[in-house]
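We have chain A; now place chains B and C onto it with these hints.
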Amino acid sequence: MLAYAIRRIVTGAIMLVVMSFVTFALFFASPIDPADFSCGKNCSEAQKKETAAALGYDDNFLDQWRDFAVGVVAGRDFPDDPELRKTAPETIAHCPAPCLGYSTERSSTVTGLIKETFPVSLSLAVAAFVLWMLGGILFGVLAALKRGTFIDRGVVGLSLVAYAFPTFFVGLLLYKFVAIQWELVPLPRYTPIAEGGVGGWLASLILPALTLAAFFMAAYVRMTRSYVIESFNEDYVRTARAKGLPERTVTFKHALRAALTPIVTMAGLDLAGLLGGAIITESVFNYPGLGKLAVLANSDFDLPTLVGLVLLLATFVIVANIIVDLLYAVIDPRVRLG
Amino acid sequence: MALKKPLAALAATALAATLAACGGGSSDDNDGGSSGGKPEKGGNAIFFVGPRTVEHWDPQRMYIGRDLNNAGRLFYRSLVAFPASNDPEEGTTPIPDLATDTGTTEDGGKTWQFTVRDDVKWEDGQPITCEDFKYGASRNFATDVIIGGPANYLFTYLDIPKGDDDLPAYKGPYSKKGQELFDKAVTCEGQTITYRFKKPWPDFPQSIASLRFMDPYRADLDKGDANNFVIISNGPYKLEGEWKEGTGGKFVRNENWDPSTDPIRKAYPDTWDFREGDTDEAIYEQLLSDSGDAQYAVTERRLPPALFDRKDEAGDRYTQVESPYVDYVVPNFNSPVFKDPNCREALKLATDKSAWIKAGGGEEYFKPAYSIVNPNVPGYTENPSFADIPDEGDIEGAKAALEKCPAPKPVKIKFTYSGGTPTSDKQASALKAGWDKAGFQTELDPLEDTYYAVIQKPDADFDVTWGGWGADWPSIGTVIPPLFDSRINLTGDSNGNDYGNYRGGPEVDKMIDDAYAEPDLDAAAEKWAAVDAKLGEDIAYIPLEITIFNFLHGSKVTGYANNVSVNGYADLAVLGVEN
Amino acid sequence: MTIPGSELEINETGAPVEDDDAVVKVAGRSPTQLAIARFRSDRLSMISFGFSVIIVICAILAPILVALDVLHPNELNQDLLADTGVAPQGAFGGVSWDHPFGVEPSTGRDLLSRLMLAITWSLGIALTATLLTVTIGVILGIISGFSGGFVDAVVGRIIDLTLSFPQTMMLLALSAPAVLFIRSNVAEIPGLGALQDRDLAGGAYVIVILAVFGWPPVARVVRSQVLSLREREFIEAARLLGASRPRLYFKEVLPNVWAPVLVYVTLLVPAYISAEAAFNFLGVGIRPPTPTLGNILADSVSYTSADPTYFFLPGVLLALIVVVFNLVGDGARDALDPKSHR
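Chains as they are written, first to last, in my numbering: chain A, 211 to 548; chain B, -2 to 576; chain C, 394 to 735.
Pulled out of the complex, with its shape left as it was, chain A reads as follows (with noise of 0.2 Å):
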């Protein structure tokens, strides 16, 4: 066991490892100069190339990837000017292990612009989640019990739809008519615990929650449904019926409990994927999260945070992967040994 989850784990870093240098290729192999947006509008030809080097820009994509690299283990300066070091060392910000690279768009490291938004995106996603795992299985159950009917149509039809619309355009319309024209719940703004106590942040979470539940909840629901279905064709369900327990038991005790195995692990991954910033979400309704910061640092060419940003949402995935599979490890000894 213990083998196996180390091999998960070394293989997940590996991972990492390639994942960084193949971004850090990508991004600074291309023919766009990062720091013709740094520099600014007054700029001439010599500004450009001097702040280049400042950004570490002029240096090829190996180097840059191993100082990087480098950085992530034992921290590093920006800028790394032995110079400036003499002359006006409190102009060098320093940057501890694990730095994932320092903005100059935002004057902070990545790793301080995380911190900020993190725990608003973790929020988001843990609100929707709750969201979208009580309807969706809820919702699920009933259909399945009363498949063929009306009811059972309806929340099929419903749940379609759901999943048709936009998430954007889903938000717009809460946004829009709730918030704004209706009035139902005060316009959207993230409030943190700290200012609004537990109430003011749940109640600023409801409309994006919902927004980003809204598209979730109509897959798990047909999900929820075609697992409960499967089960109820199952023998040990039959046989429980034929034993003679309540219909109660049978569908909660047997049929669901076999359902929510797969729906958990989807759940799961599901939620990893949204820890990283919800980017669609967070920008209609302006909350400062991961995903915001992603297409702030997108629009003025940020690259040392979005490089930052793409190996932390990889970390939430590849972790998220081995805890299912360790998990599966425990429930199926074939695995580990396979």
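Be careful, since some hints might not be right.
DSS-like mimics (lysine-lysine), calculated; alpha carbons at most 30 Å apart, straight line [claimed, not checked]:
(1) B:K406 x A:K259
(2) B:K409 x B:K396
(3) A:K386 x B:K241
(4) B:K454 x B:K159
(5) B:K220 x A:K296
(6) A:K296 x B:K174
(7) B:K196 x A:K259
Cβ pair distances, simulated, as ranges [as the list claims (entries may be wrong)]:
(8) C:S489 x B:K396: 46 to 56 Å
(9) C:R632 x A:V280: 34 to 44 Å
(10) A:M211 x B:G289: 31 to 41 Å
Hints are computed from structural coordinates only; laboratory data are not their basis.
Virtual Cβ for every residue (Gly too), placed ideally from N, Cα, C.
For chains B and C alone, coordinates are given in the frame of chain A:
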């Protein structure tokens, strides 16, 4: 159309803008008068920054009008500043702020002297000294760290020779290379600071009041790039905690600011809450419904055209101001098509200003322009090359001119522009429709992140683009030369702001130098008009329109004024909020 | 999922009969025919299929109609706008005989023309991306499943790697340089000159990203199919008879793998249409003034109060298209595997 960052930083200062100038501006409370009663101390005010977040709070790096104005009213004082007034004369004439007077020059502007007051302090109680001003100016030269500001003005004027790399030989206070050169050009004797320039700079005080690059700075608190969002205040407010990029920050009273030393800033609200990131629609929906926090809010963002029909819901909370900005079309003189004057003539005649205006929101949003100079800049005259063309263009004339154009018909042209908003694309389509009617075949090429990187290359393969500009301070000398003087723009790999790669040649160069050197303002204005006329003859640009601002503010805001002294934006120096 | 294979052919022979005419031969139907029959009998699937055909026809017709000057997606009609020059005159966003869906605010362009052309672009991108995704996925899945060992492991690692990348972020961050790269460098490859066009380059970029991140699930499904087929007798037989690898892959394995792939295809298309709209909202892909469903939607959100028709029509249309294709996909899945349920 909001001018695109990072280059659309136009600290368009004090233009003698009259409010609601163009005919329709009905609102009576428009002329900078109070709205909502007399302001009093207290209350918490809100500023909606909007989607275009603050890039720099470092004074030497700021170049966006909104931020320059707000900073100047709330926490950054300088030697001189503009009083809070909407009078065209008064609002654009600097008065002493941290200095004892508006500066003295004995030699027509080649040397300037200011004496710093003795009774002014930083937010931590330290006195503001002449050295602080010297240090602030020196930071402009650290061009590898202090990026983004209008330092070029200082490089052009301050008496420091150029190095081999085409940049000044002084490299700033961090590396201290060439420090002795700087120490000769800017000197301190007691509290008196002397600036020595290579050539006369008669309106130097204007630049101090309009931009922040001459602001004082604390050497002992300087952390270079890490200070980008750090505010070391000497004004009525200071930053509480940290500025969060994308979210904003809160400003509270600065106890070390002495109101008796400050004739300009009234500092009525107790706090200022700057909020970033909301879309224009979100901001204006809140302002229209005047709900919650929006009652205490002002903004620099403009009412979106789609919501304009509802402005009556806001009653007298709505104001309309003519902005300092002019938009214009630029033919690329390096393009095989537009190096020929007949082709340019055809383009000029085929340009449909009214379609462009309608596509951007209509006549409440734009007013047709007949020169690149904004009518409110002193010395403005209509450019004779553009004055007589109908706003819809002259298609027949254009077709005739196009016949003489040597390019094969239909004339294929590529219109590269800064896109990314649905409005900019609609406007581009409007121009294309007009041009195509005359016989061009326009390919639309909207660029976003890469726009400036592309068009600033002299060998870029576009034929025409559009730009926007506003005077950095009330002088045509901050409009025409920055855009069309090939000597400062066309440098090797880049065309600077002269996107059309226009070369006036020795004749135009001399006209520009003459205008600069003319000490009498009226005579100078005539000389500038002559330069503009020549630009018109050469069709270096085709004027489109002057942007009109449509603003709303919250109902609990008192003393709201769109002052000329802050380019027509809300003047934070004099407004208050009810408790 | 049942595997279409020859042993499902049912040949029933009745008892010996004396009268030739009276013999009723019960001919077996191939699994494909069975599937089609099942599909046909499902009313919802047939209706959806009908709609999807209409949509595809619209998509094909639109550029032709534009060339024939019947549709005018780019013609400004600013005279149809109200005084302020923003919202269209008239009810429902300016609906009239000339403009059955009304006109666009600020420009007055005909909305019906723009929407039809938008369908062409959106569907074109989605279909091409699907084709590319499936091609890559099938090829790699077959090779990986068949070869096993090292090749399989490598492909598996590549799949893991691809799935770990955050797709939307990469798409956003790379769009500016990648499109520039396509327009300048890729377009220089002879035959690909059309890629200089900004729209085609943007579309190509979206297609590539969708395919690059979309192929792993397809490959996995195909691979597992192949793994179960690998040891079947007909494969062994073909191999013994000396069939070359490619022949094995394409003539023996592929026909038995198409069913789950087909289901994937019908589900990928609406997913890609939706994705393309979302990317447009973020500013990637085909930019205005070229109409795509995403572009029009992104613009329309500003006009919810000024011109609600302009807001609702494109949104409902997009949802309709996605729903219709999803239903076709569901129908196909049910038809191919009756054990899976509705």
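Q | Hint check, failures only | A | 1, 8, 9 and 10
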